Amino acid sequence: MREEVLRISEVTYAPQGGVQLEDFNLNVFAGEIVGILPLNGHGLTGLIELLRDNPPLRSGYVYYRETLVNSWRAPRPHINRIGVIQATSCLVGDMTVADNIFVLRPGFKTWLIRPRVLIRQLQPVLDELGAGVRADAYADSLSPFQRVVVELVKAIVAGSRLVILRELSAIISDAEMARLHDILRGYAEHGVSFLYVGYHYEEMVQVCDRTAVFSNGRIIKIMRPEEGNVPYEALYLQRVREQINQPRRQVEQTPVLEVSRLCCGRVRELSFSAAAGECVVLQDLQNVIFSDLLALLTGERKPQSGGIRLCGRPWTPGEASREIAVIRERPDVTMVFRELSCLDNLCMTVDHRLKEIWRSGRVRDGLRREWASRLDDAIFDLTPSQLSKRQRYDLVYQRILLQRPHAVVCVQPFSGLDVGMRMHIWELLRELMGQGMAVVILAVNLADTFTLADRLVRVEHGRACATYERSEFDKLPFTAPWLDLYRKPNGAQAEELF
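Numbered according to our numbering, the sequence shown spans residues 3 to 500.
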C-alpha cells in the first residue's frame, strides 16, 4: 500500500473573510510529482499558506505524512516541514552552501561548528547531483539553477518529505530545467514528493505523474500525461496559433536600437539590434546579465566599453529624453507608485512631450478624457492599491504608450501571470509594436515569447552565442512550449498541427 504524504479533504480556507480555497481536495503519494496548473492566480498563495502554516480553516481536514495536522475543529498553529522553492531566494548570501544547509536548518543544536566536517559530508551529495556546486561556495555566488538545487537539498536535509516548486521556469533556462527534472525524479525514487506549480501543461507533462488543474480556489480536473489537453488548451492554443500565423509586420531595415560590443559587469561584448515594430528576444541562458544591462539603460552604471546607438546616433545611458523605456519584471508592483494618484502614475513619463502637465489642470483633465476609453474612466477615481492586477498592468503599459519611446525593454513580461493575463500581455506588447516601437524582451525561459518574437538572440556568459530569425525557429536545438508549431514534420505546415 502506497504511503500518502499529503491529503487535503474538503477544505475551505477564508482568511479575513475572503475565500481562498473552497471545497478543496488533493492527495499526494510518496515519490509522486504532482503538477498544479493555475488557470488563474486566485487561491494559489492561500494553498501554500495552508500547507506550511496550518492557519484556521472554515471547514475540512489536512493530513501530512498520514497525521492530522489541521482541521476546522482543532487548528494546530505550527509550521509543517514542507519546503517551498520559488523565484526569490531563501538562502543567506554571505554564508556558505554548507552553512545554509546544515547550520540554519531547524533543530541544529551543535555548539561547536566544524565547517570542514560539514563541507566534507556535503560535497559528495552535491557532486552526485551534477550541478557544479561547491559546498564551501558563498550562496550569493550561485547561479539561479545552482541556488534552486541547494534549496532543494536544504529542504530534504531539514526533513521535508514534500517540496513545493513555484514557477521555476521563469528563472531557469530550458536546458537547466531538463537537468532539474532529472534531479526531481531521482529524489522521487527515494520517496520525496513534489508539488510542481507551473503555467504550461507542455512543460509539466515532461516531469509530472499527474496534473491538477486549479481555478478559483478549486481543483477542477486531474490530468495524466496520456489523457490529452487541459480545459484551457483549446482557447490558449487558438490564441497562440493566431499570434504565430498573424501576418508579420514590415520591419524597416535600419535598426532603431543598436547595442555594439557592450561590456559592463557580467555583460561581455554583447551585440544585438532591433528595428521599429520588431520584437527581439534576448534569452539569458544563465540568468545573470539582466541587472547589469538594466543598470546601463537607466544610467546607474556606465559601460566599460562598447556603446548604444538609437536612431542612428550615439545614445548615452540615463539620458532624460526617455527615448528608451524599461518595463521591469512584475511592473504592477515595481512600477506603480501607490502614494500617487492613478492619473499621476499615468503622467509620470510624459512631461517631455507635454511641458505643462504638472502645472496645468486643463492639460491633465484633457489627458484624462483622452485616456478614459483605454483605461476606464472609473480608475482615475481610485487609488493604485484599489486597482486589480490587470488594471495596474494596463496603467503601466498605457504610460509607455503615452511616453512614445523609440525602444522598449521588457524584463520577463509574463513572470507570475496566469493564463488570462499572459494572453492580455500579448495584446499590450503588440500594441507597443504597432505604434512603431522596437521591443526587446529579456527572458530566461521562452514559453509565451515565441508568439511575439521576430528574432531570438541567445546569450551565454554575457555574449550573444547564437541568433535565430523567425523563419529559423524550427532549427532551435531545444524543446519549449509552442516550439513544435514552428516545426514542419513530414513537410506539413504549422497550421496543420491543429
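Treat the hints as calculated values from the structure; they're not laboratory data. Quick caveat: nothing in here was measured; it's all calculated off a predicted structure. All residues carry an ideal CB built from backbone N, CA and C; glycine is no exception. You may find that some hints are simply not true.
Restricting the straight-line Cα-Cα distance to at most 20 Å, the calculated cross-link-like pairs of lysine to aspartate or glutamate (DMTMM-like) are [unchecked claim]:
no., residue 1, residue 2
1, Lys156, Asp55
2, Lys357, Asp346
3, Lys357, Asp334
4, Lys304, Asp334
5, Lys223, Asp25
6, Lys156, Asp211
7, Lys223, Glu12
8, Lys391, Asp55
9, Lys223, Asp211
10, Lys391, Glu462
11, Lys357, Asp379
12, Lys223, Glu24
13, Lys391, Glu429
14, Lys477, Asp456
15, Lys223, Asp420
16, Lys357, Glu372
17, Lys391, Asp420
18, Lys477, Glu462
Computed spacing ranges between beta-carbons, pair by pair [unchecked claim]:
no., residue 1, residue 2, range
19, Arg181, Phe31, 41 to 49 Å
20, Glu433, Arg472, 18 to 26 Å
21, Leu384, Phe31, 41 to 49 Å
Outcome of the hint check:
Restraint check for lysine 156 and aspartate 55: the C-alpha separation of about 19 Å stays at or below 20 Å, so the hint holds. Taking the CA atoms of lysine 357 and aspartate 346, the gap is near 14 Å; set against the 20 Å cutoff, the hint holds. A hinted pair counts as satisfied when its Cα atoms are at most 20 Å apart, and lysine 357 with aspartate 334 does not qualify at roughly 26 Å. Only pairs whose Cα atoms come within 20 Å are accepted, and lysine 304 paired with aspartate 334 is rejected, the gap being roughly 28 Å.
In summary, the hint linking lysine 223 to aspartate 25 is supported, as the alpha carbons are separated by about 14 Å, within the 20 Å threshold. Only pairs whose Cα atoms come within 20 Å are accepted, and lysine 156 paired with aspartate 211 is rejected, the gap being roughly 24 Å. Note on lysine 223 and glutamate 12: the hinted pairing holds, with a Cα-Cα distance of about 15 Å set against a maximum of 20 Å. As the CA atoms of lysine 391 and aspartate 55 are separated by approximately 26 Å, the hinted pair breaks the 20 Å bound.
Restraint check for lysine 223 and aspartate 211: the C-alpha separation of about 14 Å stays at or below 20 Å, so the hint holds. Among the hinted pairs, lysine 391 with glutamate 462 is inconsistent with the structure: their alpha-carbon atoms are about 33 Å apart, more than 20 Å. Simply put, lysine 357 and aspartate 379 have alpha-carbon atoms about 23 Å apart, too far for the 20 Å limit, and the pair is violated. Between the alpha carbons of lysine 223 and glutamate 24 the distance comes to roughly 15 Å, so the proposed pair stays at or under 20 Å and holds.
Under the criterion of a C-alpha separation no larger than 20 Å, the hint pairing lysine 391 with glutamate 429 is consistent with the structure, at around 16 Å. Among the hinted pairs, lysine 477 with aspartate 456 is consistent with the structure: their alpha-carbon atoms are about 15 Å apart, no more than 20 Å. Proximity of lysine 223 to aspartate 420 is assessed by CA-CA distance (about 17 Å); at most 20 Å being required, the pair is judged to hold. Simply put, lysine 357 and glutamate 372 have alpha-carbon atoms about 17 Å apart, close enough for the 20 Å limit, and the pair holds.
Between lysine 391 and aspartate 420, the direct Cα distance comes to roughly 11 Å. Compliance with the 20 Å bound is thereby established for this hinted pair. Our distance criterion of 20 Å between C-alpha atoms is met by lysine 477 and glutamate 462, whose separation comes to about 18 Å. Evaluation of the 41 to 49 Å hint for arginine 181 and phenylalanine 31 yields a failure: the beta carbon distance comes to about 25 Å. Between glutamate 433 and arginine 472 the C-beta distance comes to about 20 Å, which sits within the given range of 18 to 26 Å.
Distance hint for leucine 384 and phenylalanine 31: a CB-CB separation of about 46 Å, consistent with the stated range 41 to 49 Å.
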